[in-house]
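For the protein sequence lines, the chains are A and B, in the order given.
When the count follows our numbering, it moves up by one through the first sequence with no breaks and lands on 404 for the last residue.
When the count follows our numbering, it moves up by one through the second sequence with no breaks and lands on 759 for the last residue.
Among the hints, erroneous ones may be present.
Stated by the list, open to error - Which bits of chain B does chain A cover? Going by a derived footprint, with three or more residues having C-beta under 8 Å, they are:
1) 427-437
2) 678-692
3) 700-707
4) 722-729
No wet-lab data here; the hints were simulated from the structure.
Where a beta carbon is used, it is the ideal one built from N, C-alpha and C, also for glycine.
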Amino acid sequence: MNTQDAFQLIQAKVSAPIQLLEGPTPSILVRPQGLVEVLTFAKEDPQLDCQVLTCQTGSHQEDEIRLFYHLLSHEQNHLFVFECPVPLSDPKAPSVTSLWPAANWLERETYDLLGVHFEGHPDLRRIMLPEDWEGFPLRKDYVTPTSYHDSGFDLTVDNRPSAITQSFNLSKGDEKEDE
Amino acid sequence: MNKELTTQFMTINMGPQHPSTHGVIRFIIDTDGEIIHRCDPDIGYLHRSIEKIAEKVTWQGFVPYTDRVDYLCAMNANWAYSMAVEKMIGVEAPRRAEFIRVIVAELNRISSHLIAIGTTAMDMGAFTPFIQLLREREYINDLLEMASGARLTYNYICIGGVMADLPLGWSEKCEEFIHHFDLAMEQMNRLVTYNQIFINRMANLAVVSPQMAQAYNLVGPNLRASGIKRDVRRDAPYSVYPELDFEIPVGKGLEGEVGDCYDRFFVRVEEIRESLRILRQCLKMIPEGEVMAKVKKTIKPPAGHYYVRHETPRGDTGYFIQSDGTTSPYRLKIRSGSFTGMSIIGELAKGTFIADLVAIIGSLDVVAPELDR
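So here's chain A without its partners, still in its complex pose (with noise of 0.2 Å):
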């Protein structure tokens, strides 16, 4: 089955709104008020038959998070993506971590890097970064720290040559080549 097919039957079967979104890999719009309730159907009828989260990530666009599902299905052998766009203001989603466990991790890995919170998550905790990270990396208006909680390492990179080059005469080799 392909994503249109997929979609007239979600349009037909549920009630919350959704769009089909073209592009390189065709995609089914939701909103987070009907998360759930797509994504138990498509769990749940037996022509979808999404037994399998196979990935969930996010990723930032603007004043808004976009978050991705793709769901497979191993007897029907196909696989469907679905994405919903959470405010960057308010960055919250329902958690899918009931109809799939491994939701679990991925969606951890989502709240760590992007910082989009799961509502009815579990365990919500950071699980690459430490507990004690500041800010979500993947974010594109992350800055990256040159120190870590005043811990005295500086991470700045110090590209000025040092005294060793010039003894050396590296720095002269540089620049011919750069000729």
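We have chain A already, so just place chain B on it with the hints.
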């Protein structure tokens, strides 16, 4: 005497530096005597922000980083990413390059499974098989070094084909290896696979039902061990796999229930046999010709998001790539088999012995760099 004796759970810490975790992973375990009451994996020690780096480098510039995603099967990781970008820009690798890719990727699959098998045996206390299998793996490393110049991080498969053609006499060397390896596998099977002590240790341990495997999104050998016959090489075929004749081994519950640790172990042993079959066919079928398609120096894929699946030794690896039409990825996510494999451990470890936890980790073949990325 009216005082009641009470017991309490003891929280112990396993890792991050532990010989059985195969990398830097930490487990926080609540134990009731020898039995695990709760197991909470703590990951992220090897997080190198590879997904963030991808946003800063060019499309070609990211290929060497994919090596570091999973150093046990760098060829497959190179290939998965290159294949994704090729799909985005509409380039097809030449036929000879596709065959070379299959050959090196299957060799890499064998070497990765050898480590999986060897370390599982080592975690059970058998050190000899691990050393023996490392010795066999060294031949594969040599073969891949002849082709690419590196032992582990190859950077060999690139966007549009492969970096260089195979050197003269390579195919003969590879055939020699396959012939030798058949015997080595027999020896290994006598030593470990059909060893009754090993079987008793692994059978009926940490059974994963098909429903549970799907719910936790297990992929690759871990999924197939639960009896679900799904392989990306068959389901969403890529490259020259449709022309090749190979079986997809699934768990049959040989010594216990379907989906136990022994099934997960045995599926990998059988996959090595299938990989050898693929290798034999490819060495016969490989045509002459170019190994690199014409690719523009500056790649600018059309805007949009893509999801490309690839069967690596750890299963269905998904590359989610979002492009905004510029010279570097806008967002890249690697959905790895180890990540979901790890998320099931907390559930599987409940009620098992502490000593069995290492068997469970070993049988799931979790690789830390791929887990944390």
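### Message
Name the hints, by number, that the structure is in violation of.
### Response
Result: no hint breaks.
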